[in-house]
Amino acid sequence: MESLVQLDFQDQFDKSIDPTSRAKAQWVLLQDLECKYTGKIVKGFASKFEDDVWFSQSSRKKIVVNWAALYQGTRAAEQLLCKAVYFEMAATHNLTIQTFKVKRINYNNTLSELFLAKGVLTGNRGEPLIGLSFITDEDLLVMLDARLVLSPNRAVFLQECAEMAAWIGMAQHIADAVPLFEIRAQLPWTKAGMTIKGWAERRVVDLGAAFRETKGYVPLVPDSASPLIERSLDLILKQSEHLAEIASLVRGYSRDQKYDGPSAELLLQKYSPIFAHIATPPDITGLPSADSKVSPVIVWMRHLLYLARGASVNVILFTTGLRNVDIGRLKKDVCMPSGRVDMLYYLRVYIQKTMNWVVLPVPAQTNKAIALLRALKQTNNDYLLDTAKFAVNQYRIHILEEDAHISTIAVNKMLKDFAGHFNIPFIDPDSSENYTAHNYRVTVAGWLDAHSNLSLLLVRRLFGHSNDVMPTVYLRNNPSYISAREEEARRAARETARLMSLAASQGRLAGTKGEQLQAGFDIHKSRLEADPQKSHSLTDAECIISFAELIEQRIVDGSLCGFLTPFGVLCGRNPVDSSQPPCAKRSHREATRELPPEVVAHLNDVDPANCIGTSCDQAMVGPWSEPIKESLIWYAGLLRHQHDGETLDQKTFKEHAVSFIKQYGPPIKKVFHIQVLTEGTVKSESGTRL
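Our numbering puts the first residue of the sequence shown at 14, with every later residue one more than the last.
None of these hints come from the bench; they were simulated from the model.
Hints should not be assumed to be uniformly reliable.
[Unchecked claim] Below are the DMTMM-like pairs computed for lysine to aspartate or glutamate, each with C-alpha atoms no more than 25 Å apart in a straight line: (1) Lys-306 / Glu-278; (2) Lys-664 / Asp-620; (3) Lys-642 / Glu-528; (4) Lys-381 / Asp-346; (5) Lys-114 / Asp-339; (6) Lys-56 / Asp-339; (7) Lys-210 / Asp-150.
This one's a predicted model, so the numbers in the text were calculated from it and none came from an experiment.
Can you make the complete structure from the sequences, with help from the hints?
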């Protein structure tokens, strides 16, 4: 209430000031803020704060943001605020150029549109401005609702929300010097006391909307991966020297320059026998001049070099799983011998996304692919992939040779063109879209999983992931991973079913569900014995095995939980049952307090961590219930004063021990043939004290 009074007082105070005086004070503060930053270099950029254009630190020709073009006319105040916000972010967060661009895009899609629509921070120099305090909670909510509906998927919307929260937080810091930038509105998740993710999930339900789910990347099918590797290695291992010769011949060639190399006839005479099976050489018969003959030959040789670069990229991707953005920025000296094993090399790569250096072990084939790319370079800069087909001076654009390297789009196109040239399938059968470098990445993750129990750690370490979630994203869509996971689930189901069937045959089951299973085993055995074709040769082992197969099928089909809870009982619940289990009632009591009873009754959310033991009619006590047996023996010792102490000698603990023994003494006696009495005595089946 006090804060509302203060805000109302501030509004009344602002209105009482003459507009001219208010405008003058506003622009004085804005000029002071600008002077504070003037002359300072933006971290990670080759520009000063006051520059209209901020350039990349790597090149004065690479524009990162053109402030003058973005904020023209009456938006000078917003431009100053944005420059200050991103200056501080660059200084404190070590922003990469790509991250900076993403933040700018998110701002343009959210707050910038809102500010423009509300007319805040809009006006010519000297005119009074409407501050950000004019933005209300409702304005933010309406804007976010619109973004939620328009966002392509959940991840994009959550990132927009996070970026907006970070931007507002930094703006509030700057508002200490310029109250015009103070934002009084609360973000909806802050107002609700929730996380961004939690609020987004609830808001989706409130709006009756749904995020579009994006399908993860899939690995290359063997029919694609195998020929890609085979064709790539054939070029790299067998033709490297000839390809290097061709690269030196075409380096720097253009039509407006006089060609003074070997004649077209000599070039075809030398290289046609070598490369005709890879790419058909041109027919220059009948062409009138030397220049007209050499031009198609140069085009043919450039195409060979293009294929060679594609082959090298294929090998690097299949042996490292790098992102295409990192492939395009590989340097000439990226690979070096391990110094320990002749066939092992180390690839030292800077990961753009996480801004980390990683060292990847790679085989000799990768080293040869990198050596070939080094020989095929068309410029003198440090990038391995400085071009796709032509030298940089062939493009009529303003770009420095030192910055020439291929884009992520060019990498993907190179991969597609390589596969297309050799008629290798390069389309995802499920989506009917072309594979990209990221599909190679998922393929490598699957290979790691298939050959190592440490696949999650390897994928995270080698792929440069900054969290524990991404490795599972790469693995979960991989057929080999899915197959292994399904096999592991079936193996676990088979072992669980075997234990349950064996316990039923021995009469070592207790609890409501345990007794039902034992009765089921008896019926199953009676039916088998009644079968005249089987009864004469039926053995106990065959009966146990056949019953176990029935249980296994139920677990695999999803009609029996069959997992061991932390309490020490097997859960015999049918997952299809729509009623709320006792364990969920216990753990979600507070969360479901305000929900209608008819809704809560259908919340099928089993929570093993809050298992209540045999108080649940789905619990099954058996030989796997060692924790319960050990607890009984411990409680018996407590009653016999074996654990006496200042804490455990209380009456409450004794009462709890007696209650526990009364509940679990009989089922444990049936399963383990030991008797625990309420006075603390533990006896074997024969009556001997233990």
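Structure-based check of all given hints:
1. For the suggested pair Lys-306 and Glu-278, the alpha carbons sit about 8 Å apart, so the restraint of at most 25 Å is met.
2. Between Lys-664 and Asp-620, the direct Cα distance comes to roughly 31 Å. Violation of the 25 Å bound is thereby established for this hinted pair.
3. With a C-alpha separation of about 18 Å, the suggested pairing of Lys-642 with Glu-528 holds against the 25 Å cut-off.
4. Of the pairs offered as hints, the one joining Lys-381 and Asp-346 holds, with about 13 Å between alpha carbons and a cut-off of 25 Å not exceeded.
5. In summary, the hint linking Lys-114 to Asp-339 is supported, as the alpha carbons are separated by about 17 Å, within the 25 Å threshold.
6. Our distance criterion of 25 Å between C-alpha atoms is met by Lys-56 and Asp-339, whose separation comes to about 22 Å.
7. Restraint check for Lys-210 and Asp-150: the C-alpha separation of about 19 Å stays at or below 25 Å, so the hint holds.
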